[in-house]
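Hey, can you work out the whole structure from these sequences and the hints?
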Amino acid sequence: MPGLAAGMSRVSPPWVGGPGGSSGSGAAASGPTAYGATVAKRRLSRRLRELREPTRLSADRVCDRLGWGRGKVGRIESNAWKRPEMSDIRDLLRFYGLGDAERRALEELALLARQRGWWRDYVDVFGETEFPGFEADAARICCYMPLILPGLLQTPAYTEAQMRVGVHPPEWRTRALQTRQRRQEMLARADGTAPELVAVISEASLLYRWGTAEDRAAQLRQLAEAGSRPHVELRLLRFAAGMHPGMCGPINIFDFPAGEPSVVYLETDFTIQAVTNPADITAYIDTFDRIRRAALDPADTRAYLATLATG
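According to this note's numbering, the stretch in the sequence shown is residues 1 to 311, in order.
Treat the hints with care, as some may be off.
Said to hold, decoys possible - Restraint-style ranges between C-beta atoms, simulated for each label pair:
hint: 1; residue 1: Q115; residue 2: D91; range: 17 to 25 Å
hint: 2; residue 1: R61; residue 2: V165; range: 15 to 23 Å
hint: 3; residue 1: D191; residue 2: R164; range: 50 to 58 Å
hint: 4; residue 1: C248; residue 2: Y208; range: 16 to 24 Å
hint: 5; residue 1: A213; residue 2: H168; range: 25 to 33 Å
hint: 6; residue 1: P169; residue 2: R46; range: 34 to 42 Å
hint: 7; residue 1: G74; residue 2: R229; range: 41 to 49 Å
hint: 8; residue 1: A188; residue 2: R56; range: 30 to 38 Å
hint: 9; residue 1: P169; residue 2: P54; range: 50 to 58 Å
hint: 10; residue 1: R61; residue 2: W172; range: 28 to 36 Å
Hints listed in this document are in silico derivations from the structure and should not be mistaken for laboratory results.
Quick reminder that beta carbons are idealized off the backbone N, C-alpha and C, glycines included.
See the structure below:
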């Protein structure tokens with residue numbers, strides 16, 4: 001396995017060298033511009049907590065000093081806020097007595113955190129989860145799906161077939177399909193900012209009957225095309241691999257530039273849940289590594305897809 005890539009988080013998993021051994025276009029960046037809005041907001045929350053701790057004041061005591069309602073600083077520090085208010089940020093930075101250089105850097109980070117992502121227009125699909133924001137900001141995306149194909153690799157026909165058998169109304173399915181296509185756009189970015197994708201799919205996900213024969217063939221072709229991209233590592237987990245970790249559900253892991261911890265999300269038909277316990281995050285990262293090692297390598301995966309497409 002490749003070693004820890006320069007510029008990536010200390011808690012990044014052991015495959016951080018990526019499909020080609022590089023850390024990815026976004027991985028070595030530094031400063032506020034290395035982050036998207038969702039990661040910037042989390043980073044700002046953490047830094048504001050770090051600034052308060054040496055004062056030995058509780059979060060509520062800082063609220064009292066600033067004339068704010070109690071709980072406000074706690075919400076900011078726990079990242080339980082949607083969009084930073086610049087006046088609040090400046091009040092906090094002034095209260096903590098920051099020098100000009102760090103104050104300007106944190107104000108720049110706050111401005112970045114205020115940017116509104118496209119997914120905010122799809123609260124009916126995503127709810128209040130920050131999953132799409134972290135996915136969009138990631139330098140590396142790692143996903144394992146035990147029964148269906150990852151959303152980032154689905155054709156519209158596959159997505160529609162999957163959603164039609166669910167309980168959501170047609171209006172929701174139309175909106176959800178739009179989000180699926182928007183999410184996929186980042187993999188096709190040609191400006192060097194496309195994230196690395198490490199995806200493990202199961203043999204089961206390829207054998208279900210759905211749509212027409214041409215629909216299924218088109219999905220196989222899309223998988224093969226995606227797997228041939230330099231920033232994508234696609235691996236197939238065969239039935240012959242036997243029992244393995246992760247059989248109970250999907251795993252999504254997002255890795256970020258230096259200093260930013262990885263994020264893990266779990267999906268069901270109805271929810272996308274963030275894993276918050278550090279020990280659990282580590283366990284899921286280890287589980288994905290074991291799944292990845294049990295799967296076929298990318299070359300054998302492409303060969304299997306070609307055989308299935310012609311069969």
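A quick look at each hint next to the structure:
In this structure, Q115 and D91 meet the distance hint of 17 to 25 Å, their C-beta atoms being roughly 21 Å apart. For the hinted restraint 15 to 23 Å between R61 and V165, the CB-CB distance of approximately 54 Å leaves it violated. D191 and R164 have their C-beta atoms about 35 Å apart, which leaves the hinted 50 to 58 Å range violated. Taking the beta carbon of each, C248 and Y208 are about 19 Å apart, inside 16 to 24 Å as hinted.
For A213 and H168, the hinted distance range of 25 to 33 Å is satisfied, since their beta carbons lie about 27 Å from each other. Under the hint 34 to 42 Å, the C-beta atoms of P169 and R46, about 39 Å apart, fit the expected range. With their beta carbons about 43 Å apart, G74 and R229 fall inside the hinted range of 41 to 49 Å. A188 and R56 have their C-beta atoms about 51 Å apart, which leaves the hinted 30 to 38 Å range violated.
With their beta carbons about 52 Å apart, P169 and P54 fall inside the hinted range of 50 to 58 Å. For R61 and W172, the Cβ-Cβ distance of about 45 Å falls outside the hinted range of 28 to 36 Å, so the restraint is violated.
Violated hints, listed in ascending order, are 2, 3, 8 and 10; each of the other numbered hints is respected by the structure.
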